[in-house]
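J.: Listed here are the chains, written in short residue letters.
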Amino acid sequence: MHGLPSVMNKPAPGSLLSIEHLKDEEILSLLKLARRMNPLKARPLLRNKRIVLLFYEASTRTRTSFEIAAKSLGAITTLVQSSGSSIEKGESLLDTGYTLRAVGADAIVMRHPAAGAPHLMAKHLDIPVINAGDGMHEHPSQALLDAFTILKHKNSLKGLQIAIIGDIYHSRVTRSNCHLLSRFGAKITLCGPPEFVPDVAATLVPGLHVTRHMEEALRGADVIMLLRLQKERLAGQKIRLQDYITRYQMTAARVKLAKCDAIVMHPGPIIRGLELTGEVADGPQSMIIDEVHNGVPTRMAILARALGKAM
Amino acid sequence: MLSAKNPERQSASLLIKGGHLIDPAAKINASMDILLRDGRVAEVALPNKIRGGGDEKFDARGLIVAPGFIDLHVHLREPGQGYKETIATGTAAAAAGGFTSVCAMPNTAPVVDSAEWIAWLRDPERDAVVNVFPIAAATLNSRGAALTDFAALQRAGAVAVTDDGKPILDDEIMRAALRLGAELNLPVVQHAEDTRLTENASMHEGPTSFRLGLRGMSTAAEANIVDRDVTLAQQIRESRMHVAHLSTSDALKAVRRGRRAKARVTCEVTPHHFSLLDQDVGEYNTNFKMNPPLRSATDREAILVALADGTVDAIATDHAPHATHEKEVEFERAAFGITGLETALALAITKLHREHKIPLARIVELFTVGPARVFDLHGRGSLARGSFADVTIFDPKKRWTFEASKSRSLSHNTPFEGWQFTGKVVATVVGGKIVYRTD
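Those protein sequences? They're chains W and S, same order as listed.
Quick note: the first sequence, position 70, residue 70 per the numbering used here, numbers continuous.
Quick note: the second sequence, position 378, residue 378 per the numbering used here, numbers continuous.
Derived by calculation from the structure, the hints in this document are not laboratory data.
One thing to keep in mind: the hints can contain errors.
Which chain S residues face chain W? A few, computed with CB under 10 Å, are given here [stated by the list, open to error]: (1) P207; (2) R215; (3) H325; (4) E328; (5) V329; (6) R333; (7) A335; (8) F336.
Okay, the calculated bits of chain W under chain S, using three or more residues with CB under 8 Å as the criterion [unchecked claim]: (9) 91-98; (10) 103-110; (11) 117-123; (12) 128-138; (13) 193-206.
No experiment lies behind these values; they were computed from the predicted model shown.
Using N, Cα and C, we set each Cβ at its ideal position, and we do this for glycine too.
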């Protein structure tokens, strides 16, 4: 064809922008590296490296686990948030990036409400950019830690039946998870009302299945992934919470529809009494706290790779 | 109409010799010589039959000679946004793209909603290189609430009214605009977008928007408005409704429905909508962000059929220059719009003619008599004797590579950087004067 892509710079090596464009062998080597990372007994691989955590959106888990991961490896971290920085005064994303580069950042971990924001940054900076969640697009470190968590309990991703339930449309976690899990042979069913699971969702990766019925999604499932209703992204969509709870809330009775050794996952934050009951959140099959725990070694691996210190 | 600058320094006559004339309005598609004199077409004759010749000669051997191209939809950005484009730079880009007349959209700062601003646009001080036909705002400040003074705007030189960039959503306001337009024989141009359905959306709604995590604009957001407007146009006798930058299959169905009912409904299509798809946005390339957005393959197929079968009246560029700092930002925050004047003919030849086998004569029609009829630009769109001496001369076989850095436009926000094209403008003649000539 006549078309050449418009001239753009490539992201610096070690950048992690999406799962979609991450090669299979890179995913496997990151997971392998994560298994060898122990935040309590880490070598200072990133001593004197400066990692900026640039957060344009609220975060508890992702931010603290990236910070602890970086510090465990001996790096210096600085947190920049939109409030209290020049971002409030209207500084553009790229000017913020150039500024952080100039003060000596070796890598930027960023979360941003706009899809593709880390891609823009990576195209213009010569240091690795790590996507810690961009709008409704992707959340690659969450997908890696979820795969890490699943593989602690299951031998392989191949052939696993995975039900992802809830607000798929707004979920960057789901997009990243679908890319990763389907690539390694998992069978994924998305479940929720049309407002949250539009038919077009089935086009994301080959073999995705969409259903409106919990029984269908849960029957034979090895993994149940729950999602929060993202009220901050609803943008005028009207959803009746009570209807949602009646049809889609994960209860102990519904967990029983899945395989008896099924695990229950949730990227957090969880809202007890909405997408799941407290009983399910605290139940024996719940891996919700494990996921948070596994976030640290996974992010240690991501940072080590970013700065060329992958062992 | 604003005439080109310095006509007095012009040779009194220009003979264009040896070319192949395509003038769909006059049903000519043959080797012909043309003599231009005193700003008009003096003679059109078989090769070597024009006696006396001109003061100046142009050798058009191997080239297509066509009536001057007309672009119904251009954002020249003045008044008020001269950092994006000026009338001088925008019309220079138009000349380089083979356009001898451009219709300027009123969504400037301030909005062109008064006769004074129409006069300002037409002032020779603006240094326009080609003819500029202003389109006035349909409502005051394009707020969609109160109609502007159509009659005064028309007297001042406006050829149509629109709130482009925004739709006229209110049924009563649109009905009133069509009624008043009907009285004055003035077309009402609609940017068809139900903005109640497109809040925070930045591209076409489909698999690509879902994958990229971007909110999408549904095809219904366009088609619903076109559908309503066609219904209104059918109800209001003599009203003229023109659909700007039509992009969806469903909107075309509504236009065809109006045509069958003999309503005076016209529409234009942009080169980017017949050339690109939503998936071409790649990894958030903001030079592929415009409104209406790039659509699905189904929509593009429907547009290609409609371009060929006559449903579409004109190719219009929606040339929308923006500064780098307005595009090098997060995709969702980037300005909508791309430049288009200098790539329009090349895309039409490369995509429509060579790839989709649409005859050159039909393409010329879409750039000339088609748009001339939409806005009643008398004496333009044809090279019949007595017409204005606006001529576009192009080489349909010339291969070249587009480089935005060489553009005449002040802005470089194009998705076609580095594209290899077939078909290039060789010379542009406005009022008998050569205003652009290829190097």
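J.: Starting from the hint list further up, note which numbers the structure goes against and sort them upward.
T.: Checked against the structure, the hints that fail are numbers 7, 8 and 10, while the rest are satisfied.
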